[in-house]
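Chains A and B, in that order, give the protein sequences. Count along the first sequence starting at 1, add 201, and that's the number in the working numbering. Count along the second sequence starting at 1, add 201, and that's the number in the working numbering.
No wet-lab data here; the hints were simulated from the structure. Source: prediction; values computed, not measured. Mixed in with the good hints, there may be bad ones.
Intra- or inter-copy, both count: the list cannot distinguish identical chains.
[Stated by the list, open to error] Lysine to any residue pairs mimicking SDA-like chemistry, simulated, CA-CA at most 20 Å apart:
1) K257 / E272
2) K576 / T630
3) K226 / D495
4) K327 / G240
5) K576 / M634
6) K293 / G319
Protein chains: 2
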Amino acid sequence: MDESDMDRIGVGLLGCGTVGTGVAKILAENREILQSRLGADLYLAAACDKEPAREKEIPLPRGRFFTDAEELLNDPDISVVVELIGGIEPAKTFITQALAAGKSVVTANKALLAHHGGEIAAAAQKGGGDLLFEAAVGGVMPVIKTLRESLAGNRILSMYGILNGTCNYILSKITFEGKTFDQALSEAQAAGYAEADPGLDVDGMDTAHKLAITASLAWGTPVDLDHIYVEGIRRITPLDIRMAGEFGYRVKLLAIAKRRRNSIECRVHPTMVPMDNLLSSVNGAMNAFMIHGDAAGEIVLYGQGAGRMPTGSAVVSDLVDVARNRLCRGAGCRVPILSTTPEQMRRLPVLPISDIVTRYYVRFSAADRPGVLSKLSGILGAHDISISSVHQKGRRATGPVSIVMLTHEAPESGMQQALEQIAGLDVITDKPMLIRIEDDNAQEE
Amino acid sequence: MDESDMDRIGVGLLGCGTVGTGVAKILAENREILQSRLGADLYLAAACDKEPAREKEIPLPRGRFFTDAEELLNDPDISVVVELIGGIEPAKTFITQALAAGKSVVTANKALLAHHGGEIAAAAQKGGGDLLFEAAVGGVMPVIKTLRESLAGNRILSMYGILNGTCNYILSKITFEGKTFDQALSEAQAAGYAEADPGLDVDGMDTAHKLAITASLAWGTPVDLDHIYVEGIRRITPLDIRMAGEFGYRVKLLAIAKRRRNSIECRVHPTMVPMDNLLSSVNGAMNAFMIHGDAAGEIVLYGQGAGRMPTGSAVVSDLVDVARNRLCRGAGCRVPILSTTPEQMRRLPVLPISDIVTRYYVRFSAADRPGVLSKLSGILGAHDISISSVHQKGRRATGPVSIVMLTHEAPESGMQQALEQIAGLDVITDKPMLIRIEDDNAQEE
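Isolated chain A (complex conformation) (with noise of 0.2 Å):
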């Protein structure tokens, strides 16, 4: 097919940051491979970004740059808007703008996402356009594709990710090179791979958005981010990450979410997960999805979660999707956006964190006396913990020891109220350091 016999889609870019960029320069550099596998010209018709000085940066062989967004949402050469400002304001009501007037829009918002989807999914539904999101979760992995239509037949039983790439590249640190944690989130922050203000990845938050919105996905419920458990991984020592090795474990930053009856699991905080489970595996800044289908059993997914061009390539992913739906019928939601018709949307409960029973490594540091074992052992017998195993680490002539200990299933109320009980105890000089265990089973109630 000759070029100018093709449709043509026009694409406005809402923000021209490290993502805004990656996504110009596939579109610009990949054309010919978009249009053998479109049969249209997909092309970059304007973008748009506060800093003038931006337009010098970014590829844009034909189209226009503005500063001013209502200037791109009104072109009327523009079907598809990508918005990659991040945050909630001014990008919703670009985004709600876009959708109202009957256009697709393509974003990578997470934070966004996860407080304002349902409303943001319910004004593309009312508009007739696609609204897409590959890029919010997991960079290039196709996350959001995979639950959205590839696993369509199945009832999911849980998932768990790794998706947050700083955290990861942390851990990593720790885990083979032996660093503390303010060491590695310094040579994270020189290698590029945390920000400045590295709250929102190493505190968990960042996390808790993508499980937000996969679960929402997943099970067809809106999910509240309050009331997702989220501990992120600042306390995690070398010797913790040295003990959990020792009993055949790696420490990752895991989202985990479940089924139950009629409640599902939603929580975010370090896991210990077993050697022999590819989650274990998934070291530096990579990312990876597992998830459990009862026809499907497992799968994982595995790539970059962020970057120039791995999140670009997601983004245009979206792009294609969207315009092979325009070429198809001239608008969008042929997929229901959040997987499930809103119609059969049903608000399932998160459950409280307090509720969950899992395996549990505690550690303890204790004045090294006689008796204290027992005391410690005592305490968690009375709330029904039992322990599968005890190590002992770093005796010396004074000073406090490491007690660490392993425990069977327990629910989390329980251990929580010994946890306090002991940190309570004279012998004990530090507030216990308490990391949840994965083992690998997908149950299902």
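Position chain B relative to chain A; hints supplied.
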């Protein structure tokens, strides 16, 4: 939405064996989940098997059972036909007939697609229906969708697949339990992981079928099966796998495809994969597929490559896609069947195995006499093959010794000539063993 208001999409199933039963089971048991994701009722309207006894095995709550495929193909309630008969005929005739009638077809038939994919795609194009085949490659892994959709904006650089569960199961048995090939094959047969006639699996042709399909999708070229170099795993010994382990490698049967400037590499052979490559951790009957894209970087998919429910899950995902297309516009071909539009397909030659350049593991059985090593390395050197390390194993009082070498990169043609010359030496007691090595790098020319 009330079920009685829903659009209905009738599915006709040809072939009620293992996977067919799985498809019927998923459609029946997960009917409500499917409705919630589709907003329509996807139901099994009819199933057909030439064996009448199979009617009792297949869940068919709302459909009819035929023993004559013509009856199913002519049923006006059926808009999508699932072909799970396997083999070339009569599957090809039935599929062509369904497509000519404007129906959509979902198939898991890799042999048929590898031999006649272009012809069948053209029939779908003409009829206006969909032709989907996620279950033909890698069972539950979304390999086809990832290539056709998620990586649509990428120039694919290379692909590496563990695509045959039987071979991976056997190699894992040899690796972790020191079994011989014959022992491991018997155990695979006893465990249901290998057919009574295992040739299609262990000699590599099943993997080659899948490679032909995926390479065609990746690069918009027809791929002739005859042009793919295929070598199976029958000659792999516990000794080779142990030696590979000492050098830091695992042995896997890989499908390898690489893009070169004006050609492609497509080959199937036992391959040494570095331990730090995720593919080396894929054990038992599991499958994995690694793709390098210019923008995406490395993506890995992992899951069950066969089995009733996993393969059934892949078939059902295709049915959902077909249904979504039909609900949108009454027909298919929203995504080009072979990923590239027919007008843009271009034939790329497959590079002969003699023209590839790679690293090698070679094991020689030789009489334990002075000067053997110098003879071997002299011949290799004369063919420009340089050695990176040498080990000698199994020195006994009498009898041959094993000399194992790893080489630097060398052209296959030179290596084959050197091996032929070495095999003719009177000190050589057995045919030399050669395993190609893939170090983890996406090479682009």
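Return the numbers of the hints above that this structure violates; sort them in rising order.
none
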